[in-house]
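Hey, can you piece these two chains together into the complex? The hints should help.
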Amino acid sequence: QQQVKQSPQSLIVQKGGISIINCAYENTAFDYFPWYQQFPGKGPALLIAIRPDVSEKKEGRFTISFNKSAKQFSLHIMDSQPGDSATYFCAASMGNTGKLIFGQGTTLQVKP
Amino acid sequence: DGGITQSPKYLFRKEGQNVTLSCEQNLNHDAMYWYRQDPGQGLRLIYYSQIVNDFQKGDIAEGYSVSREKKESFPLTVTSAQKNPTAFYLCASSIQAVYNEQFFGPGTRLTVL
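These protein sequence lines map, in sequence, to chains A and B.
Counted the way the working numbering counts, the first sequence spans residues 106 to 217.
Counted the way the working numbering counts, the second sequence spans residues 12 to 124.
Just so you know, the hints here were simulated from the structure itself, not pulled from any lab data.
Note that the Cβ used here is the ideal one computed from N, Cα and C, for glycine as well.
There's no promise every hint is true.
Only part of the chain A face toward chain B is listed, based on derived beta-carbon distances under 10 Å [to be verified]:
no.: 1; residue: 109
no.: 2; residue: 112
no.: 3; residue: 196
Okay, chain B solo, but in the shape it has when bound (with noise of 0.2 Å):
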């Protein structure tokens, strides 16, 4: 898992609570990556960010939100509006976006009860 940690590894919500799920790397990589791995497909990006205070929506960010306040932590919080939370979230980081290679993080299961 190079350096990527996530929390918690598994993660019960409640229908309408918000809950952060954290992302941290020790590898001093500027970029960061928050996926989406719903079983039988493959993995949607929800939000990136290539520099710190700063990020962009990716394809399915809708009902999530982020910040980059430092360089090693990027943390991913799933509000209430998202309306199918349950998934496996994946945190990645790159040297730079420019060299596209992305290392991943072990995940967080979420699950809606």
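In isolation and in its complexed conformation, chain A is listed as follows (with noise of 0.2 Å):
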């Protein structure tokens, strides 16, 4: 109920292709759906969050898409470049205690 699963495990783009990352959630209580760019050695950084009350959003060449009843959602990066190379990480969480259930990542290769 609290798992937070994630594909694929890896994955590899053309420069200029679509990257996209899929996750699944059961937990219907949950409310908050971030997702997390991760460099080698360094901590996670916030990319994009969605709540459930929006299907869509959008920022630059990220998009999230969240379909509720499929308890699904999932991050799409336009224009995929080499800088975007990283591992990504979905998360949800619920209520007010600001716990997050990450998902298992998904280590992105963007070829040049």
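In structure tokens, the structure reads:
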């Protein structure tokens, strides 16, 4: 119930392509869904986040699509660049504890 | 890394020793968190604190202890009871727990020799 399942584990995309990473959850009480970007040896940085009252949120080249009925959400990176090569984590949180439940992560490699 | 500092960056410990990881924030955030990251896995919550002088166990608290005596500081002690302490440890903070948005520090890599 508390898990967030992320796929794929790794992803290779050509420069200029679209990178898509998917996450699924079970607990319908989750009400906050962030995506984090992490470079090797660094702490994760918040990329974009969404709440269940909207189905899509876009910030620059990054878009979250949210499907409440399917309990799934995804990150789309448009016009992927080599600088986007990193590990991406989805997460989910609920209520007032702020506790984040993380997916296992996706390692993205964008080839020039 | 936005106002959250963790020290040291690398830490080596002999088996049987306790070690304390530092986390300081100057963001005036009420809530602070400690996560553990292992290769190929997501972050797992060790402890969290929503306010000074209060903290709660996360999903993997066994073998760890924390204190929250000051708003800006949330040190984590890895005790000898932690069976597999080698990992990357990340501290995070948020304005208040209800606001969810967490900012992470640069991390401390702990290696047990």
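Results for each hint:
Interface restraint check for residue 109 of chain A: the shortest CB-CB distance to chain B comes to about 8 Å, inside 10 Å, so the restraint holds. Because the closest C-beta pair between residue 112 of chain A and chain B is about 13 Å apart, greater than 10 Å, the hint is violated. About 8 Å separates the beta-carbon of residue 196 of chain A from the nearest beta-carbon of chain B, less than 10 Å, and the hint is met.
The structure fails to meet hint 2 from the earlier list, while all remaining hints are met.
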